[in-house]
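Visitor: This is what each chain is made of:
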Amino acid sequence: MTAAAPVAPLSVARPAPALAAVRLAKSFGGLKAVTDLSFELPKGGLHGLIGPNGAGKTTVFNLLTGVYKPDAGAVHVGGQPMTGKKPSEIAQAGLVRTFQNIRLFGDLSVLDNVRIAAGVRARSGLWRSLLRTPLYLREEAEIRARARQLLDVLGIAHRADEIAKSLPYGDQRRLEIARALATRPTVLLLDEPVAGMNTVEKKAMRGLIQSLRAQFDVSILLIEHDMGLVMDICEQITVIDHGVTIARGAPASIQSNPAVIEAYLGVPDEPAPTAGEIGA
Amino acid sequence: MTKFVQLLLQTLTLGSLYALIALGYTLVYGILRFINFAHSDVVTFGAWIAFAIAGALGWASTGSPVFAMPVVMVLAMAASAALGFTIERLAYRPLRKALRLNVLITAIGVSLLLQNAGQLQALFGKDPVKMPRLLSEAPLFKLAGVQVPWVDVVLVVLTIALVIALQWLVFRTKLGQAMRAVSWSEQTAALMGVPVDKVVSITFMIGSALAAAGGVLYGLKYRQLNQTADALWMLLGLKAFVAAVVGGIGNVRGAVLGAVLIAFIEVFGAGYVSSKMPDLFVFGVLIVMLLFRPAGLLGTPTVEKV
Amino acid sequence: MSARATPGVAGAALRSLYPIVIGFTLAYLMQTVVAVSIDDYYSKVLIDIGIAIVLGVSLGIVNGYAGQFSLGHAGFMAIGGYTAAAIVYYGSIKLFGTKAIYGGSLGPGELLLCAGCVAGGALAAVAGWLVGQPSLRLRGDYLAIVTLGFGEIIRVLIKQTDDVVLSEKKVAAASWWSLMDNLGGGFGFIGGPRYIDAKNPFWVWLFVVVVCLVAYRLKYSNRGRQLLAVRENEIAAEAMGIKTTKAKVSAFMTSAFFAGIGGGLYAHELGNSMRPADLGFQKSIDIVIIVVLGGMGSISGAVIAAIAVTLLPELFRSFAEYRMIAYALALIIVMLLRPQGLLGLQELWEVEWRAVGRSIVTAPARLVRWVVTAPTRARAALKAAADRRQEDRS
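Residue numbers (the numbering used here), protein chains in the order written: chain A, 255 to 534; chain B, 322 to 627; chain C, 62 to 455.
Bear in mind the hints are in silico, worked out from the structure with no lab data behind them.
No incorrect hints appear here.
No more than 16 Å apart at the CA atoms, straight line, and that leaves these computed lysine to aspartate or glutamate pairs for EDC-like:
(1) C/Lys220 to B/Asp600
(2) B/Lys451 to B/Asp551
(3) B/Lys447 to C/Glu382
Bear in mind that the values here come from a model prediction, so they are computed numbers and not experimental data.
Generate coordinates for the entire structure from the input sequences, incorporating the hints supplied.
Guide: In structure tokens:
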């Protein structure tokens with residue numbers, strides 16, 4: 255009897271993931287910051303990227319957003335290859351981030367911060383702006399309306415005319431998110447969104463982040479150290495250490511994964527005065 | 322062949338001058354990450370104060386004793402070191418934590434102040450003067466048919482001596498260690514107990530002293546001292562700055578290497594290509610360097626943390 | 062469609078361009094009413110103020126809005142000035158047969174002047190594009206040095222040109238291409254018809270209005286806010302999708318264009334010297350001072366500073382020797398005490414005047430308190446320093 259010819263698997267049309275990293279690698283001099291990193295963020299998903307300090311998480315964000323060019327591997331946003339493109343191109347394609355150390359437009363007003371992001375895809379160039387053509391005026395009105403609406407949703411509309419750098423810390427983080435959302439992203443990368451917040455603020459943020467998906471039709475990937483938040487809201491978590499993926503899966507499996515526990519033991523940042531984060 | 326050796330000699334002397342001035346730029350940049358716009362004006366000050374000192378000590382005419390040059394040199398370097406200290410203390414230290422741009426503007430202000438105050442009748446006046454001949458222009462020896470004057474020899478030898486002394490200071494003394502620590506990370510150095518303010522002050526003083534040495538030697542070689550706001554001084558400083566950038570700003574050896582390179586380009590460019598626009602070559606080199614290798618030949622590129 | 066569309070288009074056009082109409086009116090009034098009723102000397106000072114405004118506000122676009130510190134503005138001014146001078150002088154001879162002032166107010170000669178200035182601006186804008194290229198890779202100090210170098214390169218290149226052709230016959234016979242090399246060399250562009258004088262300030266004021274209008278509309282527009290974003294935090298701006306490279310180059314080009322126009326106006330003002338030595342680094346610094354003192358990014362601030370910087374030397378003519386020293390001290394003191402300048406990014410009408418009023422009213426009381434507490438504070442500072450020294454020793 256002849257051996258059966260291998261049957262090609264049925265190819266099922268599958269929607270492209272909102273964000274996909276394929277075997278990303280990056281070294282700085284001799285230091286291997288990220289090695290063989292792959293993951294997929296499906297449309298509408300909320301995933302987490304965790305690891306001890308120095309694991310390479312922000313480097314991953316920088317690779318995804320085009321700040322660094324990967325030494326190897328690829329980045330796809332909504333199925334489109336984005337490897338090696340400039341950050342502004344990647345942002346225009348729908349992948350937008352917030353920063354670990356807040357990077358607001360400090361001397362400008364809160365409203366302006368959001369308006370700037372809302373206007374990145376405006377078509378009116380220099381001439382139309384100077385001549386104040388009807389198209390330009392329409393776009394300006396739309397930008398202003400959308401910006402105000404976002405400030406409302408994020409709960410900082412009452413600070414619209416204040417200078418961004420004078421805002422309290424929690425509101426600054428909210429402003430960063432409002433600004434990112436103003437660009438109408440498909441994928442939102444949040445870099446330590448609750449860092450430095452107290453329990454009350456964190457609870458509010460938790461609810462906010464979860465609601466973003468439905469409200470703004472975005473997929474979210476977040477870096478965080480607060481295990482309580484991560485385990486609570488993320489559907490899938492990737493754990494990296496020294497740039498290498500050591501685990502990936504649902505929160506429950508991550509919590510009991512010996513490799514993770516060995517590399518990085520995190521405890522939920524809840525009221526009980528238990529041990530803080532080791533290795534942080 | 323004679324022309325070649327002539328140009329080579331010119332390269333050495335000009336390169337030495339650039340090296341002394343470039344070292345000041347590079348030391349300050351290494352420590353504070355800041356381009357001291359007013360540095361070239363310390364060069365000018367050094368030259369003029371030397372002239373004033375020579376005059377005050379009665380050595381303005383020919384026939385001055387052999388020790389005149391060293392005395393004038395040392396006094397001028399000391400005076401310039403004091404000037405550098407004062408500038409740093411009053412204008413730059415208060416802005417240690419300010420935006421880099423603000424410090425640059427302040428430096429421009431200091432530069433303008435030195436230039437224009439120096440021209441006041443009360444100080445150095447508006448007329449160009451001639452530096453007294455404290456170093457002989459008589460030939461010391463002949464090389465391939467070219468007369469090598471005393472001035473040139475002293476210039477190059479003195480520069481080499483100062484550079485060696487600086488190398489020793491930066492790499493083999495505790496102070497040098499402190500300087501290097503501060504240049505790596507001001508915060509960490511402070512946490513380790515390094516008196517950052519003192520180290521910065523001393524660095525400025527050393528840089529200013531070297532600048533003065535360059536200015537004095539320039540005066541002794543070329544003799545004509547134009548008024549302090551004359552473009553000639555700014556050009557001299559700018560070219561030395563280009564040298565520092567080319568070598569790798571922040572790198573001591575780089576400054577010397579860059580200085581020789583820039584002098585070479587300028588001298589041989591004027592000698593063999595076109596004598597009309599030597600300055601243009603130098604500017605061109607600067608722009609090319611900053612575009613393609615801003616860290617310079619011996620520098621290490623820095624990456625901004627995102 | 063057409064019957065309803067035309068009023069719409071006309072309405073839109075009016076809304077776009079009505080400030081230009083105001084500009085024409087203002088310039089016309091300045092010429093016909095103001096210039097005739099005040100002394101020639103004051104009129105000339107006003108013209109100098111106008112040109113300073115054009116130069117200062119234009120520098121504010123690249124230094125203030127985009128945050129790219131340019132020290133080579135005089136280079137753009139020179140390009141514009143020399144281009145305009147060449148076009149007006151040689152063009153006058155070729156078109157009108159004379160190198161003297163031709164035609165009256167808004168006559169063919171003056172239109173040639175306007176064309177020359179605009180052409181000068183356009184050429185300066187090309188140079189602005191060129192200078193903008195290195196800006197893409199350089200920050201802060203380095204960019205400043207490169208722009209400084211650029212300004213000097215322009216000056217050196219102009220110095221190399223040949224003398225201005227004085228014979229009208231020779232000019233008429235020569236081709237435009239060959240005349241491009243006759244810009245006066247080290248002596249500067251001499252012999253051109255100086256259209257702008259105390260009795261004829263029209264064009265200066267027209268362009269003042271245009272520059273301020275452009276700067277204002279740019280600042281309060283989406284593109285302008287993108288420039289401000291680049292100034293505030295370039296990495297964040299890029300991360301939001303702003304094409305920062307395009308933005309920076311565009312800022313350089315716009316700024317250079319108006320600097321070129323300013324240069325063209327300057328070149329045709331009676332009494333100004335057009336020597337390359339006067340259009341070098343010193344001139345760039347003069348303009349930088351306007352922007353730093355007035356506030357980098359404030360149009361009204363630049364206007365106020367331009368007025369001050371032009372008026373003060375006139376008022377204190379006997380102290381001319383100390384002018385640059387005063388400016389130098391002003392720069393240092395401003396950076397130490399009030400780095401944002403007079404208005405920072407704000408405009409005059411955005412200032413919280415009530416707060417300013419309050420601080421003025423309470424100033425005497427605050428000053429008294431400062432003086433009275435000085436000894437206590439001094440003692441505390443000395444003690445703190447002594448404690449620190451004690452700690453270092455232990």
